[in-house]
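A.B. asks: Sequence lines, in order, name chains F and G.
Be aware that the first sequence starts at -3, since it is given in my numbering, and climbs by one per residue.
Be aware that the second sequence starts at -3, since it is given in my numbering, and climbs by one per residue.
Among the clues, some could well be false.
Identical copies carry no separate label here, and so any pair may be met within one copy or between two of them.
Calculated pairs, DSSO-like style, for lysine-lysine (alpha carbon to alpha carbon, straight line, at most 30 Å) [unchecked claim]:
#, residue 1, residue 2
1, K143, K111
2, K147, K111
3, K92, K111
These aren't lab readings, by the way, just hints derived from the structure by calculation.
Keep in mind it's a predicted model, so treat the numbers as computed, not measured.
Protein chains: 2
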Amino acid sequence: MATLGNSANIFWHECPVGQAERQKLLNQKGCVVWITGLSGSGKSTLACTLGRELHSRGHLSYVLDGDNLRHGLNKNLGFAPEDRTENIRRVGEVAKLFADAGLICIASLISPYQKDRDSCRALLPDANFIEVFMNMPLSLCEGRDPKGLYKLARAGKIKGFTGIDDPYEAPLNCEIELRQINGVCPAPSEMAGKVVSYLDSKGFLQA
Amino acid sequence: MATLGNSANIFWHECPVGQAERQKLLNQKGCVVWITGLSGSGKSTLACTLGRELHSRGHLSYVLDGDNLRHGLNKNLGFAPEDRTENIRRVGEVAKLFADAGLICIASLISPYQKDRDSCRALLPDANFIEVFMNMPLSLCEGRDPKGLYKLARAGKIKGFTGIDDPYEAPLNCEIELRQINGVCPAPSEMAGKVVSYLDSKGFLQA
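My request is simple: use the sequences and hints to build the entire structure.
C.D. replies: Below you can see the structure in the form of structure tokens.
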């Protein structure tokens, strides 16, 4: 054998301070709030507003933003299908670590494929993965086009763009769905409030 | 262009809750304690003892163990040189996220090459990367051989094993060096105490 590449040689170290103790210190339960939706649907805005609201209540959260991570952990990944899958896998694994550390981890990624989201969900106890679907119409997202990407996609200057020439698979089993009401998008604070209420009702905001 | 693989199209989202606010909530400063040394030098034991000691003082830390991460985030990496480098790079990037979240992140990896450790150091403000060198003699580590790996390496059953047929580059610029005193290895609590004193003296144990 040429190298040590044998999982039989990789041991698991259990540490004496566990998740339960960290959760007690923080007076909350670690979990992953996974925000999925089209580009421009408001994922980052919700993530930040939610982080702010949790902080104001004395809770520790951390936002894993898909775009930001592509500047660091995932900077060696592109947008080919296998790279997209690996991108989401890594974010899922890191989110799991943050939840284990006791934090409310807010992951914000387009994550268009059900299969990839389900793989991340499977990393955690099911109740600790809270999938939030930003169910906003493509026309709204494209009208916002905060990064000018829809324009480029429509012009054929970027290909494989979710919602234009690559599919977005709407969640089949999300815990929270956020959508327009009478054609009006709820304010970020209202949407964040809905997530906070969910977390509270499920006992995540206490140890 | 075939895909969206263009960093010009990846934006950076700044969140309204920043590191300073999380640090205030936790009453500590985020940093990375990077423990390096041979297999069997006591890295995992120190990491756990340090985590326990910090917890007893009300501080939130989290251990990133090289072996454990190879079961999750890094499970698609082997032990070829480029995989070892990528393994350490990912741990460095995740450690940076934890420090940004306000935690005292304790990374425990053999990390035998100066270049790879320096790359991780470069991800953070220099003062926030605290390199701890477990400077234990090979004979001691091999005598312990807690995982039976030295035996396998000596028998030629695993190749490229650090200290046997792959080099360990001792740190040139570590913040803390732990070694035997009069041929006796200090107790884990004593070594952890040395790291805690360092963190305290540098102001990491308050916001």
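A.B. asks: It remains to establish, for every hint, whether it holds in the given structure.
C.D. replies: Hint-by-hint comparison with the structure:
1. K143 <-> K111: within (27 Å within a copy, 37 Å between copies)
2. K147 <-> K111: within (28 Å within a copy, 42 Å between copies)
3. K92 <-> K111: For K92 and K111, the Cα distance is within 30 Å both inside one copy (17 Å) and across copies (29 Å).
When the structure is compared with the earlier hints, no violation turns up for any of them.
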